[in-house]
Amino acid sequence: MRPVHTEAAPSHTGPVPQAVVSGGWIFVSALFGTHPESGRRPDDARTEADQLFTNLTEILAAAGASPDHVVRAGIFMRDLRRDRPVFNEAWVDYFGSHRPARSAVEVSDFGRADDDCRFMLEVVAHKP
Amino acid sequence: MRPVHTEAAPSHTGPVPQAVVSGGWIFVSALFGTHPESGRRPDDARTEADQLFTNLTEILAAAGASPDHVVRAGIFMRDLRRDRPVFNEAWVDYFGSHRPARSAVEVSDFGRADDDCRFMLEVVAHKP
Amino acid sequence: MRPVHTEAAPSHTGPVPQAVVSGGWIFVSALFGTHPESGRRPDDARTEADQLFTNLTEILAAAGASPDHVVRAGIFMRDLRRDRPVFNEAWVDYFGSHRPARSAVEVSDFGRADDDCRFMLEVVAHKP
Chain F
1 MRPVHTEAAP
11 SHTGPVPQAV
21 VSGGWIFVSA
31 LFGTHPESGR
41 RPDDARTEAD
51 QLFTNLTEIL
61 AAAGASPDHV
71 VRAGIFMRDL
81 RRDRPVFNEA
91 WVDYFGSHRP
101 ARSAVEVSDF
111 GRADDDCRFM
121 LEVVAHKP
Chain L
1 MRPVHTEAAP
11 SHTGPVPQAV
21 VSGGWIFVSA
31 LFGTHPESGR
41 RPDDARTEAD
51 QLFTNLTEIL
61 AAAGASPDHV
71 VRAGIFMRDL
81 RRDRPVFNEA
91 WVDYFGSHRP
101 ARSAVEVSDF
111 GRADDDCRFM
121 LEVVAHKP
Chain X
1 MRPVHTEAAP
11 SHTGPVPQAV
21 VSGGWIFVSA
31 LFGTHPESGR
41 RPDDARTEAD
51 QLFTNLTEIL
61 AAAGASPDHV
71 VRAGIFMRDL
81 RRDRPVFNEA
91 WVDYFGSHRP
101 ARSAVEVSDF
111 GRADDDCRFM
121 LEVVAHKP
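Chains as they are written, first to last, in our numbering: chain F, 1 to 128; chain L, 1 to 128; chain X, 1 to 128.
Because the hints were derived from the structure by calculation, they are not lab data.
Note that beta-carbon positions come from the ideal geometry of N, C-alpha and C, so glycine has one too.
A couple of the hints might just be wrong.
Unchecked claim - The following label-pair restraints were derived from C-beta to C-beta distances:
hint	chain 1	residue 1	chain 2	residue 2	range
1	F	39	L	37	43 to 53 Å
2	X	89	L	66	39 to 49 Å
3	X	24	F	108	35 to 45 Å
4	F	15	X	5	28 to 38 Å
5	F	85	X	37	47 to 57 Å
6	X	36	F	15	23 to 33 Å
7	L	13	F	108	20 to 30 Å
8	F	2	L	44	46 to 56 Å
What the hints assert, rightly or not - Listed next, the stretches of chain X that the computed footprint assigns to chain F, with coverage defined by at least 3 CB atoms under 8 Å from CB atoms of chain F:
hint	segment
9	70–83
10	100–111
Whenever a hint applies, use it, and build me the whole structure from the sequences.
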């Protein structure tokens, strides 16, 4: 197993790597739509989702992979009914015709309560 | 990676495949107990759980696998104390002596708020 | 796939193995900080986290693996802001410089409501 790190995506404050790679599988830690330089979350929901996917692209690239290698995503939102439509728009723009397996649940908090993030994503990618 | 689709199980409304297969691993998207033809959730909890597992069987079959290949399940319920006993009964009837790893959490919503689904399941199967 | 069982870690009450192994991958079921003999949760948050990791070590050992093989963890807490700092302290003491991918969410219940557990962990390990 090797950890993945890139300055082009936000780092975690706790003992958390951006991702790890083991045997062709890439496990990405909790992804947020924060900007890697400012560390801030965009006010706009769509911009937040786009930034989250930009962060994912950078982390996958640092692991030698691309969005087409994503096989599964766990999606967590604070308000599923309000924010899922715009998240799905950003998803389709990002993945194009690629369709990872996914599930989505609503949770009260995912560790970014202070800046009121709308989206958290957990990703598994496979590059054999 | 290839997507899995069967008419014998419900389709997702958003950009979500029923499952994907990559390198012998099958990732099943969020499973619900809705009926593939009516698109409706059974009123009875046990019937809902049974329908969910029927949907799983169909999706696994479309991926060339069976319930015995399931290695891990994430279980999400709206009311864990109320609905877990009946879910576990359906689980044992479905899996028999096969015992996938699993965890269960209670969440306020998993994207089917309108029809008040009790159960959502996320599954990983392995057919080397 | 083979199930993993050890008397040195708590057993589940429902139809749930402690873990399963398939093709070098180890999927650990919901882990709690309960003591394997008393079945009780420690009153102190740090002791609860430490017991959870002790349980993990025992289950991984029964699967022929060790903490260094953990690649991914899903963390569930009842009160993320209150309990995450102490959990992270226990995490760092346990894993040392090893850094699995992880995410953490807050949920209202994870099936141990009666004894008011603070932490639940879900783990994937890889020993090729």
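For the pair residue 89 of chain X and residue 66 of chain L, does the Cβ-Cβ distance stay inside 39 to 49 Å? Holds - the Cβ-Cβ distance for residue 89 of chain X and residue 66 of chain L, about 44 Å, lies within 39 to 49 Å.
With respect to the beta-carbon atoms only, verify the hint that residue 2 of chain F and residue 44 of chain L lie 46 to 56 Å apart. holds, 49 Å
Cβ separation of residue 13 of chain L and residue 108 of chain F, checked against the hinted range 20 to 30 Å: Given about 25 Å between the Cβ atoms, the range holds.
Within 28 to 38 Å or not, the Cβ separation of residue 15 of chain F and residue 5 of chain X? Since the Cβ atoms of residue 15 of chain F and residue 5 of chain X sit about 30 Å apart, the hinted range of 28 to 38 Å holds.
Note whether the CB distance of residue 85 of chain F and residue 37 of chain X lies within 47 to 57 Å or breaks it. Because 51 Å falls inside the window, the suggested range holds.
Looking only at beta-carbon atoms, does the pair residue 24 of chain X, residue 108 of chain F fall within the given range of 35 to 45 Å? With a Cβ separation near 36 Å, residue 24 of chain X and residue 108 of chain F satisfy 35 to 45 Å, so the hint holds.
Proximity test - 8 Å, beta-carbon atoms, the segment 70–83 of chain X to chain F, at least three hits: Held - the segment 70–83 of chain X has 5 residues with a Cβ nearer than 8 Å to chain F, which meets the minimum of three.
Can the suggested window of 43 to 53 Å be confirmed for the beta-carbon pair residue 39 of chain F and residue 37 of chain L? holds, 49 Å
Cβ separation of residue 36 of chain X and residue 15 of chain F, checked against the hinted range 23 to 33 Å: Hint holds: Cβ distance 26 Å, inside 23 to 33 Å.
Does the segment 100–111 of chain X contain three or more residues whose Cβ lies closer than 8 Å to a Cβ of chain F? Since 9 is at least three, the answer is holds.
Hint violations for this structure: none, all hints satisfied.
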